[in-house]
Structure formats: C-alpha cells, structure tokens
Amino acid sequence: MTSISSRRLAKELMEIKNEGCPVGINLVQADDFSTWLFTIEVMGESLYQNEKFTLQFRFDQQYPISSPAVQFVVTEGRQAPVHPHVYSNGHICASILGNEWSPVLSVIAVCVTLQSMLASCKEKHRPVDNDRYVKHAPENPKKTRFHYDDDTV
Amino acid sequence: MKVEVKHWHAVAQWRWDTGVSSDDTNKGDDDEGDVCGICRVPYEGCCPACKVPGDDCPLIWGECSHVFHMHCLLKWIGTAASKQQCPMDRRPWVTAERKIGGSPISTGNVTGSNGPTTITADANPPRPPPPGS
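So the sequence lines, in the order shown, correspond to chains A and Y.
If you're matching positions, the first sequence starts at 12 in the working numbering and goes up one per residue.
If you're matching positions, the second sequence starts at 39 in the working numbering and goes up one per residue.
Pulled out of the complex, with its shape left as it was, chain A reads as follows (with noise of 0.2 Å):
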C-alpha cells in the first residue's frame, strides 16, 4: 500500500529528475522513500568555498504533514559545515525543521534554506553549546527540541 508520504515523495522526485536540482545541489541517492542524500555546496563567495557537505533527509509515513529529519552527515571523513547553527554530529538549528515547518515546503525547499543559511554565514563557528549538545544529543534531530533565538544567519 502507498502511504501519503511516499506519493509526495514521488511526485517531489520525478520533478527534481524532470527539472533537475537548483545550482549547488546534487541529488546523490533516493532509492527509497525514507532515506534521501543530497550534496550541497555555497556557490559565489562565502566562507564555504570548495566545500561540499552532505545532507540527509529521512522521511516517515506522516510526510509532509510531519517535518522531515534533516542533517548533514558525518561519516567516512564528511563533515558537518562549521556553522553558528550547525553541530558536530551534523544536527541542525533551523527553524523550518522544526516548529516552522510547513507541509507546502518540500525537499529542495529545505536544500535552498539549509544553502543560504551557509551562504549568509559571516563567522565560521561552532554553536556555544556545541559539546554539551552532542554529548546528549538524540539519534533523531527531530526529536530535539531547539530554541530558535538567532534569525540574522
């Protein structure tokens, strides 16, 4: 049976074959419904030059009523940009991930935001509470509940 998620999930995928992804953004694997992985890199001048991350979305059942956990992945010598908002185990402080999330937003949506966030980054920084927060910090992003208290990056 298909779920509401993975019908969404199919119409967001043929569009992005269809129309390809914007500027910086490279679509890596989508073979299932759950577990999406996309490159992502600031194009112009930014303090991310020549760096490329990679991001991670997984998806349940409820998508896109429910939000998408989102992060960028840290194995195999990738990293998690060094970001204000960003921690080191690749968890994001975005607001459009959490309690702003919108079921109009989609996948390349959240790619666009996640790439202007780096792109407006004036200060290459860990989060001040960035050990604290790993040390404790949930598998699932989602299931952390971050204060959005910085919206100038």
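Mixed in with the good hints there might be a few duds.
For each label pair, taking beta carbons as the anchor points, the in silico distance ranges come out as [to be verified]:
{"no.": "1", "chain 1": "A", "residue 1": "L24", "chain 2": "Y", "residue 2": "H47", "range": "53 to 59 Å"}
{"no.": "2", "chain 1": "Y", "residue 1": "E135", "chain 2": "A", "residue 2": "K63", "range": "48 to 54 Å"}
{"no.": "3", "chain 1": "A", "residue 1": "E62", "chain 2": "Y", "residue 2": "A50", "range": "53 to 59 Å"}
{"no.": "4", "chain 1": "A", "residue 1": "R143", "chain 2": "Y", "residue 2": "D94", "range": "32 to 38 Å"}
{"no.": "5", "chain 1": "A", "residue 1": "E56", "chain 2": "Y", "residue 2": "A87", "range": "46 to 52 Å"}
{"no.": "6", "chain 1": "Y", "residue 1": "E82", "chain 2": "A", "residue 2": "E56", "range": "19 to 25 Å"}
Pairs of lysine-lysine, DSSO-like flavour, derived with a Cα cap of 30 Å [unchecked claim]:
{"no.": "7", "chain 1": "Y", "residue 1": "K89", "chain 2": "A", "residue 2": "K22"}
{"no.": "8", "chain 1": "A", "residue 1": "K22", "chain 2": "Y", "residue 2": "K40"}
{"no.": "9", "chain 1": "A", "residue 1": "K28", "chain 2": "A", "residue 2": "K63"}
{"no.": "10", "chain 1": "Y", "residue 1": "K121", "chain 2": "A", "residue 2": "K153"}
Covered stretches of chain A (chain Y as the covering partner; in silico rule of three or more C-beta atoms under 8 Å from a C-beta of chain Y) [stated by the list, open to error]:
{"no.": "11", "segment": "16-27"}
{"no.": "12", "segment": "106-120"}
{"no.": "13", "segment": "136-149"}
Don't read these hints as lab results, they were simulated from the structure.
Idealized CB from N, CA, C, for every residue including glycine.
Given chain A, work out where chain Y should sit, using these hints.
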C-alpha cells in the same frame, strides 16, 4: 432537406470553482497553480487518502484565500505542529464562507454553487440545417 439527428455525443469537464478563471490557471503546461500545496495533487484529483475525486473529497478555502484539499488541510490543522496556521502564510486558519462571483447559490445555475462546477460542456448538439439547403 430534412436532417434527422440520430446520435450525439456530449462531453463535459468539471473543475472546482476556485474563483480563478480557467483561462488564468491553464496557461502553458505549468499546472503548479492547480495543485493542493500539501499533497501536490491537482484540486480536481483527490487527496492521497481518497480514491474518488469529487464531492467526497472537496476543497477548503481559507479567508487568506489559500485553497487545499479539505482532508489534507484538516490533517495538518489536526497536528499540534500546525499551530492552526495556514501552511502557506502561517496566518491563523479561518475557513472562508464561499461566495463565488457574488451570485447566490441556486439550483440550476451551473456557474456558482458549492459543488463541482461545470465549466465547459463541449457538446455537439443538433444544429439546424444551414440556410438555403
């Protein structure tokens, strides 16, 4: 000459009356404006939970002017995460009373009613014979 019509074939197409004329929404191949933003299925299709489009899977209008499949919107509004906001503009969701073209709902009026609205009836009705024949 006397023409006797023995057979005619009527073709009709329906579409929800979203307050946007079909000319505006059918420009080019891009039907982005015609889909429910939540499930991305055309308004005239049905939400992923339903099998048959039409009255059993209606649309819902917000006062903010945004339109969704009713079932999709209710699924979203039913979650705590929605904070009862419109998915498009995050304003508090208020379901709009439908007023189409200002015309009151009346039976027999195909352009303004709550249900699916007949926009085109592309039929080939019997025509009178051309003059002079």
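Going through the hints against the structure:
For A/L24 and Y/H47, the hinted distance range of 53 to 59 Å is not satisfied, since their beta carbons lie about 39 Å from each other. For the pair Y/E135 and A/K63, the supplied restraint of 48 to 54 Å holds, since their beta-carbon distance comes to about 52 Å. In this structure, A/E62 and Y/A50 meet the distance hint of 53 to 59 Å, their C-beta atoms being roughly 57 Å apart. The given range of 32 to 38 Å is broken by A/R143 and Y/D94, whose C-beta atoms sit roughly 52 Å from each other.
The hinted range of 46 to 52 Å is satisfied by A/E56 and Y/A87, whose Cβ atoms lie roughly 47 Å apart. Range check, Y/E82 to A/E56: about 46 Å between beta-carbon atoms, so the 19 to 25 Å window is missed. For the hint linking Y/K89 to A/K22, the alpha-carbon distance of about 18 Å falls within 30 Å, and the restraint holds. For the hint pairing A/K22 with Y/K40, the CA-to-CA distance comes to about 55 Å; that exceeds 30 Å, so the pair is violated.
For the hint linking A/K28 to A/K63, the alpha-carbon distance of about 21 Å falls within 30 Å, and the restraint holds. With a C-alpha separation of about 17 Å, the suggested pairing of Y/K121 with A/K153 holds against the 30 Å cut-off. For a cut-off of 8 Å, the count of residues in the segment 16-27 of chain A with a CB near a CB of chain Y stands at 4, and the three-residue condition holds. Counting residues of the segment 106-120 of chain A whose CB lies closer than 8 Å to any CB of chain Y gives 6, so the stated coverage by that chain holds, three being the minimum.
Counting residues of the segment 136-149 of chain A whose CB lies closer than 8 Å to any CB of chain Y gives 0, which falls below the minimum of 3, so the coverage claim is violated.
Checked against the numbered hints above, the structure violates hints 1, 4, 6, 8, 13; every other hint is satisfied.
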